[in-house]
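> Work out the full structure: start from the sequences and follow the hints.
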Amino acid sequence: MMAADWEPIAQLASRVQAGSTTATELVKRSLMLIAEAQEYNSVIIDLSASALKRAQLIDQQVARGESVGVLAGVPFIAKDNFLVYGGETKAASKILSGFVPPYQASAINALESAGAICVAKANMDAFAHGASTENSDYGVVKHPFDQTRVPGGSSGGSAAAVALGLAPFALGTDTGGSIRQPASFCGVVGLKPTYGLVSRSGVIAMGSSLDCIGPIARSVSDAALVLDVMSGRDALDATTIESDEAGYFPIKKTPLKKLKIGVIKEYFGDQVDSDIRTTLEATLSKLEANGAEITYVSLPSTELALACYYIICPAEVSSNLSRYDGQRYGYSNPRATTLDESYVTARGQGFGKEAKRRIMIGTFVLSSGYYDAYYKKAMTVRTKLINEFEAAFNSVDFLVGPVAPTTAFKIGEKSKDPLQMYLADVMTVAANLAGIPALSIPVGFDSLGLPIGLQLMAAQRQDAALLNLAAAIEEMGN
Amino acid sequence: MARLSKNDVLKLARLARLELNVTEVDEYIAELNEILEYVEQLQGVETLDLKPTNQVTGLTNVMRADEPIDYGYLPAELLKNVPQVLNDQIQVKRMVE
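Quick note, the sequences are listed as chains F and B, same order. For the first sequence, the positions run 1 to 478 when the numbering used here is used. For the second sequence, the positions run 1001 to 1097 when the numbering used here is used.
With a cut-off of at most 25 Å between alpha-carbon atoms, the simulated SDA-like pairs for lysine to any residue come out as follows:
no.	chain 1	residue 1	chain 2	residue 2
1	F	Lys-376	B	Leu-1004
2	B	Lys-1011	F	Ser-367
3	F	Lys-94	B	Val-1022
4	B	Lys-1051	F	Thr-239
Since the hints were made in silico from the structure, they are not lab data.
In structure tokens form, the structure reads like this:
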């Protein structure tokens, strides 16, 4: 399918504000494109009724001469773990089928206040557990370039939707790479901001010390604008931090001269596809030719990071998913005769395999007798990893590496072996454990024509600098 | 280190309130052991001088005004998602015998 084109988001919004297009036209176009791309299964919840209503209100505001906002009339798609008015929110899980949220995520409220319109909810790995969308209870998402392949995950529906051009941008969540890896697989820009920069209120919790919300977009500048609107303190999420006073949009041109970029040695091991290595090396040479200083740095705990993640994440998952008990909302077993049977069967039948797997690992590592050896040890190794990042950022401004060891893999290739699927996260989890911002930007294609992404990381709260560098790389490529 | 037996997996499922069928139990024994074996590489890491990281923002004592906010919800609206409702209340199975 030919990907549909959209103008830059800022331009779309100013055209709506100026009256040279309307919010209704943009929403209708997005809805039409979504309907035409159904075979990819990237979207699972239709919000057309509420979206068209909002579009009409915005068009009326414009007609009255009111200023709508920097995202006036711009359609977007939210991953199905964001609570959004106008339809179901189920995190692509069976246990939440039919759940209609009585409140909405703060990030969605912020985007709506700026005039954006949520037109649909994207497919994902159920509860964001996965790296391929094969764990969705509503069917796998197909890769936009090759329908026999996965789009990555867990925000695979969001990334595929943006790559197909179904909307100018989408929202994703990133707990261990779930924005960056699908963005890389699908050839779009994906940003995981500094932990706490975007409120998690109203987003279905997975690993609360790791979860980040961010944009998936067609350009760095579009991603920066969306971050600019969503970021900052929120009274409903006590872990939120202040956003940069200078903001994130528009992008400030970064002179590449004098920038120190550290290539993470451990991210270029034998497990990395040779096409990825060659493509990234070419990009790094270009950066060097443009005046950046490229050095090699070591993050010795890279592999430990993955082990650390697969203790901490399931521990937090087992705790966060305990609320789905079939009593107050969600799937319930009407035939249960006792309270215990009601809990056990609602959870046993409602949760998919991966959710149950993570709940049990989490229950184990938090259980008496194993807590110190697993959970506390992982939390301590997390400190070691953070110290390594701090040391690295003392000598370089940015770190770079691949996003994943491979490009988009085949549907079914890893789904039979959970550990193999976990290993797909080896280059992305470290940024979540350290709470630092990281971004995936498309830099080329492999021999099969599948997109290759470059991962950029910066120190905590250096999101603006990260976006500026990404924009410079984007420009260099063209 | 720990090797999970069938009984261990059943106990974990019991603690986590998860009903598992026979096939699932067998699959999880193999898979959980494989995953635990992988994460056990942390056991050998020297961490004597390090403290565990509980959070990464460095924020402490985050406060907000303790004021009630009226969201204007109607009880009927909030009860729409509840599987079993009786007299505008959430109905659950008997908890105390």
